[in-house]
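Top line first, the protein sequences correspond to chains A and B. Just so we're aligned, residue 1 is where the first sequence starts under my numbering, counting upward by one. Just so we're aligned, residue 1001 is where the second sequence starts under my numbering, counting upward by one.
Worth flagging that the hints you see were computed from the coordinates, not collected in a lab. Don't take each hint at face value.
Stated by the list, open to error - Heads up, simulated DSBU-like pairs for lysine-lysine below, C-alpha to C-alpha not over 30 Å straight-line:
{"no.": "1", "chain 1": "A", "residue 1": "Lys196", "chain 2": "A", "residue 2": "Lys104"}
{"no.": "2", "chain 1": "B", "residue 1": "Lys1532", "chain 2": "A", "residue 2": "Lys80"}
{"no.": "3", "chain 1": "A", "residue 1": "Lys104", "chain 2": "B", "residue 2": "Lys1532"}
One-letter residues, chain by chain:
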Amino acid sequence: MSAEPTAKTTPPPVVQVRDMDFCYGDSKALFDINLKVKYHRVTALIGPSGCGKSTLLRCINRMNDRVPSARVTKGEVLVKGKNIHDADVDLTQLRKQVGMVFQKSNPFPKSIYENVAYGLRIHGEKNKSVLDEAVERSLTHAALWEELKDRLQANALALSGGQQQRLCIARAIATVPDVLLMDEPCSALDPISTLKIEELMHQLAHEFTVVIVTHNMQQAVRVSDYTAFLHLGKLVEFAPTEELFTNPREKLTEAYLRGTFS
Amino acid sequence: MNSPTTPSRPPLRSVLLRSRKRTILGVDPQKLIKYFFGSNASVAIIVLVLIMVFLLREGIDFLPTYQRELQTYRRAGLEFCDIIDQPLQRNQALSSSLRQAVSASLETLSKTARDWRDAAFLLKRQVEDKTARPRESLTQALEKTPPAPEQIEVFRRELGEASAAAAKALDYPAVFGTAEREQLQREFAALTPEVTDLPPLLQTLAAEFSAKDREARTKFASLVQAQEEFEEATEPLQEVVDELKAKALETKEKAVEFDVLETNRLRLLEAAATETDAKEKASLTKEAAESVSEAVNLEKSIQEITGRTAELREQVEKYAVVIEKAAAVLPQDAGTGAARALVNEVREGIPAHAREMRAAAATLEGWRWDKPVSIFSVIGAFFFGTQWITNSSWQDFFGFVPLLSGSLVIAAIAILIATPVSVVAAIYTNQFASEREKEMIKPVIEFIQAIPSVVLGFIGISLVGNLIKDVSEWSWLQWVPGFPIQERLNMFNAGCLLAFMAVPTMFSLSEDALNNVPRAYIDASDALGATKLQTVFRVIVPAGISGILSAILLGLGRVVGETMVVLLVAGNRIAIPDFSAGPGVIFHPAHTLTGIIAQELGEVSRGSSHWQALFMVGIVLFAISLLVNWCARAVARRFEPHKA
């Protein structure tokens, strides 16, 4: 069922999912998932709608905890070797370690500055110069600094859609997470903004480990180093992107890539 | 584009549609339905416009009416008298303070003796009350002619027994020693209707008190004398003022009467002019001719008043000199600390009062009876007038400030109480409560709205008023300004109940506002590792703040417009609350814009200036409500970026 990538890795996987089953109430959403996310690489999760790719993504920072009946019923999720469901794991710290960007850009109705500084503030940072420095660094990483440095106090909702999404990326990386989860970050954007974000992802991979959910296979090809293909809650194939797209090992993967079903 | 070769046949679709089309009275039913719905929607607008028109029609005449009244007030000389009479009112406040100081001082010496005397007299009264029936029988028997000695004897014995029993059963206070108690009991038992003299011990007690009182009066002679002098000082001046006031009032009444007759005559003449029947016309004209009355010579009568300006000024000057002298000889010492404070207050108050009187007297010369009253000064007299006096034998004043200040203070109290309660409840219900709690809290709070306000008024009178009064008498709460309170029905009480009434509105709307905060904000905050509290206070509440503010404003609109509760509970004293009492002012009674309309509109004659003044109040109230609601909408628009 699952496929281990062939390449040997020197740094240990940042995120490792082992034999995980996941349920919403009585209905099982994910079956026996095994996945290793490589350090400072972009990993894409693809698959037809409802295959569980977003659910899998949300397992990594336990966003599913907020759904009352949702739970992991078997297996474990490790982030930097630590089981995130252990009793001594602080959810606040975990989410600081694992940042997330959502499908629809969702900046807070605050100033640009406050949006980026939010993550640091809630983790208790009060020092103005630390905040200033983090805001500049994050906005620079998100390729927004040059555009916005003169109007940091403007309301974030006044920005264009693409800028808002990049601001959300800046907000997510301000706390310097180890992993950045992106849930279809370009699905609501125009082609030019999409292009900018895709360029940005290459840059981000130098600093962060990125996991991206996308329904756009071309995007997966463009941005990712590894690709996992899910179908009906099962991980069908996980391989380096080039290999998966040019020479899929599973029949199901091939059929999906050809567009036999979607 | 149709090519010319194809035969022109209408497309199938339009044929089908046309075949179904029917008309009602020549109008397409679709349109009829549209008009029906549209007209229902516009009913609300039409009614609103009608309300405004009627309010304005009744109320707008108030200004010219009030202008005429104020003109009469001036021309008849009432204003002239008030120049002196108004500041003279201060004299009463000062002498009341002095009287209090005197009695407090005297009590330091005479209180014990007086308490003894009062206690003994109270006991005597109790015995007399208990033996009222045999006493009455005996009195009747004694008055009967011819007297029946046996009957008298029987009644006398009965009275004696009853008195002895009553005297024995009395609860003697501890101030009386054993010997005194026995003597009192004996004296009470021997009470008969024939003897009008007091029993010996009571006489002694009364004499003791008189002695003590005399002693106290000697000791504080200078204070007592100063108080008497101060009170007497006003008499000659008051006499002159009263004479002038009587004259002015007489003139005013004549002028008003003339006005009424004149209006009547003109109306009759007008009717006669349009009347076609000759007989009717003649009778109307005749009636009009009879209605003629003599115009009042205002100038002549005003000269009788202003002619005495010099005398009045002289009296004021004399008065000022006398009271200043009285202030100078006011003793430094008084019996108690409170009395000393009162005396000092009076000593400081007198020079200011004297200055005020002199200043008032100086303006008498500049006063002109024929100076016209401008419409602006009438507007000022309404909106900034500090007196709302109606049905007065002297002069009615319609000043808006006492009502407005009462309404505003009550609304402020209500909002200050209701805002934290409802907003915090909304945050809890929306963010922290479990589904079961939500199912319980929301209907319960919304049910408050269903309580009739008159029922809440009852609760305010019977429960909250007593509760506040009792709590205000707790000794460890005496640091609270205004405690212990005097009145059970006051602005704080009304404010509490109005807060209770405003909570459902503010709670529901705040809860909606929090509910409307996009889920995505919460997702983002959670994903950054924020705790629930951080998400609530840094993201949800700031994002919903416009809705919360607009909820508070709509609550304010509800509070300002509420009538029944304030009418029943606010105490209805038509005066500007005494803000010099500091925060304790909230425990004073007041009247409100809504309450005054509800209370007085039923009793005034239609079309009178009072009636019109109440409509003016209604107009202002309407304007305030519109303004508050408009602000609520503006706020909701202004700070709602995620809905833009």
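Results of checking the hints against the structure:
Of the pairs offered as hints, the one joining Lys196 (chain A) and Lys104 (chain A) holds, with about 16 Å between alpha carbons and a cut-off of 30 Å not exceeded. A hinted pair counts as satisfied when its Cα atoms are at most 30 Å apart, and Lys1532 (chain B) with Lys80 (chain A) qualifies at roughly 26 Å. A distance of roughly 22 Å separates the Cα atoms of Lys104 (chain A) and Lys1532 (chain B); the hinted pair therefore holds under the 30 Å criterion.
Figure legend: structure checked against the earlier numbered hints; every hint is met.
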